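Q: This is what each chain is made of:
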Amino acid sequence: MELLNTLYVTTPESYLRLDNDTLRVMLEDDTRLRVPLHHLNTVVCFGRIGLSVPLMHRLAQEGIALVLLDDHGRFMARLEGPVSGNVLLRQAQHRQALDAAFTLDTARACVAGKIKNTRQVLMRGAREAKSDEDRAALSRAADDLAASLRALPGVADLDTLRGVEGEAARQYFGALSRLVKPDLRASFNMSDGRNRRPPRDRLNALLSFLYSLWMNDCRSALEATGLDPQVGFLHALRPGRAALALDLMEEFRAQADRLALTLINRGQLRAVDFQEREGGGVLLATEARKTVLVAFQERKKEEIQHPLLTQPVALGLVPLVQARLLARAVRGESEPDGQRLGYVPFITR
Amino acid sequence: MAAEDLEPVALSALQHWAYCPRQCGLIHLEQAFDDNLHTLRGNAEHARTDQPGVETAKGLRVERALPLWHDALGLNGKADVVEFSRSGTPYPVEYKHGSRHKAADIAACDEVQLAAQALCLEAMTGRPVLEGAIYYASSRRRQPVCIDEALRERVRQITQAVRAMLASGQLPPPLTGPQAARRCKQCSLHDRCQPETLGNSTLRALRQHLYEPD
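Going down the list, the protein sequences come from chains W and A. Letter by letter, the first sequence follows residues 8 to 356 of this note's numbering. Letter by letter, the second sequence follows residues 817 to 1030 of this note's numbering.
Keep in mind the hints are simulated off the structure, nothing from the lab. Heads up, none of these hints are tricks.
Label pairs and their calculated CB-CB ranges:
#1 Val94/W x Asp1030/A: 38 to 44 angstroms
#2 Gln68/W x Ser954/A: 24 to 30 angstroms
#3 Trp885/A x His101/W: 33 to 39 angstroms
#4 Val42/W x Trp885/A: 41 to 47 angstroms
As the structure is a computational prediction, the values presented were derived from the model and not from experiment. Virtual Cβ for every residue (Gly too), placed ideally from N, Cα, C.
Generate the whole structure from the sequences, applying the supplied hints.
A: Structural data, given as structure tokens:
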């Protein structure tokens, strides 16, 4: 597996066209960028971007995904090439979604992945905390998450599971601003916990943006694997919602949180990089988005040791690895001894 | 079952099945295909042979990319090259980009595909096809293959097995043991198949400790 680049086009009124074997980004009559197509895995366009039909044909032919997002990073559309759509796998998925035991088992694994990974964020923060107060609060929250994790095997239905998850998230976000350096906390506090649509503080605005990037990658990974991104297990079916992509993304949220904290604590993002709108909504400014996108792309290139693979793999490919493991669980594939193990999320150390 | 009711099996599926049933399932059942160095080289090689056409050399009529089928067995596909002698006897030549695999059992997978082409040509022309050849582009060797009864029986058995898999919709399990060690590494579908994550004690352990805090 090779991690190819994602081209994010954020400058409004940019125009993308095909130029032999390269993609050319134009702004008015100037060429701003040329990218060889064989370096690309995905092209993501934010908002008002134009592109030529010959380019669309070529992207489809090469199996390069074209994803259109609105100005806020919300998914609008995706151009799919001919090699996609595995009807048998989707059929199995739809069957499994009707199987209460499989649904609960998979949903529970997704929540476990999320709780384990976010708990690692808190424990690492506690180890590195500069004040006793922070250390105590972070350890307390980590203990709460441990309790939530232990409660999971006993959960008998999805509603209870979602309750446990919600409570764990509340504890986690209640402690998360303690991972921001003390002198930056005035600008990046999260005193109201997680909020969105719109986010109402800078940390929430940054998390929302990073989550939408991970979400998009998880969705693409599922599509590439042939799964239906709308039919989820933990997240209920709702028209327009990519429920399975949300399920898969749970285990990657901690990755987004870690990157957000790094960007803030290293001063790569400052208070002025956010816009406060009338009424209290907060948005990441356009220029600052580029900083985040570059950092996100860099982070995805970092190689990690996946517990199940024999070779190191780029973090950006882990959603694909996990989507394939999920496909295996959905197909009901068994171990050589006939035992079915179910889905195993990606757990970081 | 009447011949026209048989779901056709692609000739290439027989080679895939002989190499690894799961590879065959991923390609022909799930329609997955990933390129690697081997497949890209193969594509480049076939770009040359896949041009349909006729030419005459040494009194032979040479057909490239010739459509083949066998109604009774329910096979269809294409032959890279078929040479017709003056008397009209067909001689199929399958092009492979590499050189002949050192392991006989792996090289034999290509022979199954060639033999299936021979059976198609027999049914299509009514002439016995007792020999064909595999041309290895890298080594530029042409290896004659005798289409004997054992090979024919293998074609019939594999055709049945592939058809049963397609009908069941079930993806076969990955190879294990020494076969996996020798075949999986060169497979373009390796990343998609994840053979090493099945029957893996790590997966089991991860699943077992999923609900325990570290």
